[in-house]
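Let chain A serve as the given structure and place chain B on it in line with the hints.
Number of protein chains: 2
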Amino acid sequence: MKIALDVMGGDFAPGTTVAGAILARQELPENIELVLIGDKGKIVDIANEKGFDPSSFEIIHTTEVIEMGEHPSKAFSQKQDSSIVKGFGLLKSGQVDAFASVGNTGAMMAGSMFIIKSIPGIIRPTISAAIPSLTGGSTLLLDVGINPDCRPDVLYQYGIIGSLYSKYIFNIETPRVGLLNIGAEEEKGNLLTKSTHDLMKGSNDFYFAGNIEGNDLFNNEKADVIVCDGFVGNVILKEAEAFYNMLKLKKVEGEFFERFNFVNYGGTPILGINKPVFIGHGISNAIAIKNMIVNSKVFIEAKLTEKFKEVFE
Amino acid sequence: MKIALDVMGGDFAPGTTVAGAILARQELPENIELVLIGDKGKIVDIANEKGFDPSSFEIIHTTEVIEMGEHPSKAFSQKQDSSIVKGFGLLKSGQVDAFASVGNTGAMMAGSMFIIKSIPGIIRPTISAAIPSLTGGSTLLLDVGINPDCRPDVLYQYGIIGSLYSKYIFNIETPRVGLLNIGAEEEKGNLLTKSTHDLMKGSNDFYFAGNIEGNDLFNNEKADVIVCDGFVGNVILKEAEAFYNMLKLKKVEGEFFERFNFVNYGGTPILGINKPVFIGHGISNAIAIKNMIVNSKVFIEAKLTEKFKEVFE
Numbered sequence: 011m012k013i014a015l016d017v018m019g020g021d022f023a024p025g026t027t028v029a030g031a032i033l034a035r036q037e038l039p040e041n042i043e044l045v046l047i048g049d050k051g052k053i054v055d056i057a058n059e060k061g062f063d064p065s066s067f068e069i070i071h072t073t074e075v076i077e078m079g080e081h082p083s084k085a086f087s088q089k090q091d092s093s094i095v096k097g098f099g100l101l102k103s104g105q106v107d108a109f110a111s112v113g114n115t116g117a118m119m120a121g122s123m124f125i126i127k128s129i130p131g132i133i134r135p136t137i138s139a140a141i142p143s144l145t146g147g148s149t150l151l152l153d154v155g156i157n158p159d160c161r162p163d164v165l166y167q168y169g170i171i172g173s174l175y176s177k178y179i180f181n182i183e184t185p186r187v188g189l190l191n192i193g194a195e196e197e198k199g200n201l202l203t204k205s206t207h208d209l210m211k212g213s214n215d216f217y218f219a220g221n222i223e224g225n226d227l228f229n230n231e232k233a234d235v236i237v238c239d240g241f242v243g244n245v246i247l248k249e250a251e252a253f254y255n256m257l258k259l260k261k262v263e264g265e266f267f268e269r270f271n272f273v274n275y276g277g278t279p280i281l282g283i284n285k286p287v288f289i290g291h292g293i294s295n296a297i298a299i300k301n302m303i304v305n306s307k308v309f310i311e312a313k314l315t316e317k318f319k320e321v322f323e
Numbered sequence: 011m012k013i014a015l016d017v018m019g020g021d022f023a024p025g026t027t028v029a030g031a032i033l034a035r036q037e038l039p040e041n042i043e044l045v046l047i048g049d050k051g052k053i054v055d056i057a058n059e060k061g062f063d064p065s066s067f068e069i070i071h072t073t074e075v076i077e078m079g080e081h082p083s084k085a086f087s088q089k090q091d092s093s094i095v096k097g098f099g100l101l102k103s104g105q106v107d108a109f110a111s112v113g114n115t116g117a118m119m120a121g122s123m124f125i126i127k128s129i130p131g132i133i134r135p136t137i138s139a140a141i142p143s144l145t146g147g148s149t150l151l152l153d154v155g156i157n158p159d160c161r162p163d164v165l166y167q168y169g170i171i172g173s174l175y176s177k178y179i180f181n182i183e184t185p186r187v188g189l190l191n192i193g194a195e196e197e198k199g200n201l202l203t204k205s206t207h208d209l210m211k212g213s214n215d216f217y218f219a220g221n222i223e224g225n226d227l228f229n230n231e232k233a234d235v236i237v238c239d240g241f242v243g244n245v246i247l248k249e250a251e252a253f254y255n256m257l258k259l260k261k262v263e264g265e266f267f268e269r270f271n272f273v274n275y276g277g278t279p280i281l282g283i284n285k286p287v288f289i290g291h292g293i294s295n296a297i298a299i300k301n302m303i304v305n306s307k308v309f310i311e312a313k314l315t316e317k318f319k320e321v322f323e
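Just so you know, the sequences run in chain order A and B.
Under this note's numbering, think of the first position of the first sequence as 11, with each following residue one higher.
Under this note's numbering, think of the first position of the second sequence as 11, with each following residue one higher.
One should not assume that every hint holds.
As the list claims (entries may be wrong) - To spell it out: a stretch of chain A is covered by chain B in this simulated footprint if at least three of its residues, at any positions, have a beta carbon under 8 Å from a beta carbon of chain B; those stretches are: (1) 152-162; (2) 191-201; (3) 220-228; (4) 259-269.
Said to hold, decoys possible - One-sided excerpt, in silico: chain B residues whose CB lies under 10 Å from chain A: (5) 125; (6) 193; (7) 227; (8) 247.
No lab work stands behind these hints, which were simulated from the structure alone.
Every value quoted in this text rests on a predicted model; they were computed, and no experiment measured them.
Here a beta-carbon is modelled for each residue, glycine too, at the ideal position from N, C-alpha and C.
Chain A extracted, bound-state conformation (with noise of 0.2 Å):
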């Protein structure tokens, strides 16, 4: 299995992206390869600083680098020898088997719906996060962004995203999910949650819980699983994101909040297109690059791509 990474991507590369590949390298069996993608001299000389040997690394060398800030699909179409085109190129060919960058995350984006595409018959690939709950667990949230107008069945498919993403790399055996409402009950919402409740409730494609509210999210006593437009969801993660920056700032300490420093989440994979690719925060730390190589693993070993494609084609 081999997993590329570009180095040139995020706000701290690629000191912190070299680092994150060394700490996978060292948490990963050998069999499992990591290609880095980016400027060759300078991984080498990192890699050598931190007395690590460059040569565990399969590395192929870019000039260019799409910045943070650049348009992405121009940018993409433009910087042909840049880290993240390279990357969409390995992964197009089955060369590596997985592309992950915190790097510019449209030109990410355009890679993926562009040259690896959506897998036929999903309308709108999505991207997820897992929020955590109190009882300990995780409770998967999408969209968390990508789509920020959804059509009603766009969000009954997000429930079957969901469920298998939920089964197959949380191993729950039959994933409750349920869509965000403003109300507990049938009647409550906006056109879009009323017509999706609707879909939804007479669904064979996976376990409707109903609604949940949004004092519902920290507990899973309701769902695995919880569904909304990417406006919704990106709200409610920045939401949880401000909170965590109040407790910090009145020195709340504590390993639960700990788990909203969304700072150490490794990534996560756009969901519904033919190969894995990964994206993360730009300011994601090297626990976090690590995080999401050892994250792309498990989504390869899951072969969640492959089940998406039996349930959607």
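Chain B alone, transformed into the frame defined by chain A:
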């Protein structure tokens, strides 16, 4: 000035409501008359039990109650001798200056929309919430639940309404009005927020401060008023409730975090109707009831309804 309270509404009525009215009576000057609407015998008994003279109140006896779970408009048309219907009658005829209840929200909305009616020019009345800010102040968030589907022109009006509220209730000379969105840049958002941004950026009716993201909800660095649709506003408030509950469970204390205990909040006015109506949580305690009555007084004194009429008519 006369403020009427529905004594029969709420999960702990009439005990909590009468207790709240007694607290308000003790706090408010004598020229503010409190009118209690409900079962006279019970009101007198509760007051006497608490060693308080019931003749400090004007009591309007009613024989019916619209229960919390009842169908709002059906109950409203059938229970003519209920405390809620009576309250709206007194308000409509000018016998009281404000009507407040923590009872059936749907029935309170029905009375507001069909008896008191929208101020001409206002497309959709709204309710707001004052969310705690790290600096010690509050940020006004609206809509928080009445209108889960909003058009851009409705959100634009919420900018005007929120700005006037912030100016005349919070005494902020030039309130900064932000649009809740999923990115700082102008072109970010869903169809609704992109169109609304276009409308707001040309506004002469309020100071537009641009997009506000979820991670800026609890500081007022960028805005004094944050506008969103009622679906998103409801999710934001309930997520904040979830955080407060987690803090309690994890035994985190502190004055700042106690400001997230919405049980203490004193209801909220329905903004954009012809007379002052306050609604509150069914679970309100006596302090919340007292605060709701005091807030009604502040609202009447600020002549906010008249300001809305001047601007919109």
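Against the structure, the hints come out as follows:
no., hint, in the structure
1, 152-162, "holds (count 3)"
2, 191-201, "holds (count 4)"
3, 220-228, "holds (count 6)"
4, 259-269, "holds (count 6)"
5, 125, "24 Å, violated"
6, 193, "8 Å, holds"
7, 227, "5 Å, holds"
8, 247, "7 Å, holds"
The structure fails to meet hint 5 from the earlier list, while all remaining hints are met.
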